[in-house]
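Guided by the hints, dock chain Z onto chain W, whose structure is given.
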Amino acid sequence: MSEIFANANYRSYIDAVPDNLNYPKPDMTYLNEMAEGDENFIKEIIGIFLNNCPESLILMQNYAMLGDHEKLKFVAHKLLPELTFVGILSAIPDVEKISNESELINDLSATISRVILTINMGMGELRKMI
Amino acid sequence: MKILVCEDDFMMIKAIEHKLKSEGYEVEVAVDGNQAVDKINQSNYDLIMTDLLMPFVGGLEIINKIRNEMHLKVPIIVLSALGNEDTIIEAFKLGADDYITKPFSPNELSIRVKRLLIRR
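As given, the protein sequences belong to chains W and Z, one line each in that order.
With the first sequence counted from 1, adding 554 to any position gets you this note's numbering.
With the second sequence counted from 1, adding 177 to any position gets you this note's numbering.
If you're looking for bench data, these hints aren't it; they were derived computationally from the structure.
Take the hints with a grain of salt, since some may be wrong.
What the hints assert, rightly or not - With a straight-line Cα cutoff of 16 Å, these simulated EDC-like cross-link-like pairs (lysine to aspartate or glutamate) come out: (1) W:K627 / W:E655; (2) Z:K198 / W:D592; (3) Z:K191 / W:D592; (4) W:K627 / W:E609; (5) Z:K216 / Z:E203; (6) Z:K191 / W:E593; (7) Z:K191 / W:E598; (8) Z:K191 / Z:E205; (9) Z:K242 / Z:E203; (10) Z:K198 / W:E609; (11) Z:K191 / W:E587; (12) Z:K250 / Z:D274; (13) Z:K242 / Z:D209; (14) Z:K191 / W:E590; (15) Z:K291 / Z:E203.
Only chain W is shown next, with the shape it has when bound in the complex (with noise of 0.2 Å):
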């Protein structure tokens, strides 16, 4: 998928979010351990992650559409230790969900929605770091 397709989406998205909303800022104590003082190195995962993470939640929403759970558990599976480094903490539990047993989730179309949700507030918060 290309960048341009990939940031199309991922502005889509950011629009979509009410600014009413309370959301926990990114947790970057993880980001910052690890960085240990290299602002350049932590500016860099904060644009990995915005760059390829729009791609993910899209592959989820469609995966989950089609029902094909293997692929969806894998995406969310990939995702899951980048959003501890990026620090978006509060979509952990869902993603954990769907990366261990999407098929048993009921309302699976509202979870991913939620993940959705919260991870682009989530990048949102972040987009103002870089």
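Using the frame of chain W, we list chain Z on its own:
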């Protein structure tokens, strides 16, 4: 000391490289299983770190090739988000020397690498 990192996630690659290079190691990266096998065939490494879920050839198959086809004794650390017991046991049975779950603690990664390299 030269370390091969077999990993398809760019964020993870950056993080591992950052930590290992800051400790003075030379780091090479393979972004899929085929590239990993090629690099191991062509070069000598002091340690190999591998993810499990990778394109073309998975981490468990890479460990199997290293131990049972290439007959190499190079230390292998598995670095995976898969933390279930069956997978961990399978990795050790095939010949992995250590298993770290993602997201990893940078200091833990460092000490585990050092421990295996000292043993060599």
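Against the structure, the hints come out as follows:
| no. | hint | verdict |
| --- | --- | --- |
| 1 | W:K627 / W:E655 | holds, 8 Å |
| 2 | Z:K198 / W:D592 | holds, 13 Å |
| 3 | Z:K191 / W:D592 | holds, 13 Å |
| 4 | W:K627 / W:E609 | holds, 15 Å |
| 5 | Z:K216 / Z:E203 | holds, 14 Å |
| 6 | Z:K191 / W:E593 | holds, 14 Å |
| 7 | Z:K191 / W:E598 | holds, 8 Å |
| 8 | Z:K191 / Z:E205 | holds, 12 Å |
| 9 | Z:K242 / Z:E203 | violated, 23 Å |
| 10 | Z:K198 / W:E609 | violated, 29 Å |
| 11 | Z:K191 / W:E587 | holds, 14 Å |
| 12 | Z:K250 / Z:D274 | holds, 10 Å |
| 13 | Z:K242 / Z:D209 | holds, 15 Å |
| 14 | Z:K191 / W:E590 | holds, 14 Å |
| 15 | Z:K291 / Z:E203 | holds, 14 Å |
Violated hints for the displayed structure, listed by number in ascending order: 9, 10.
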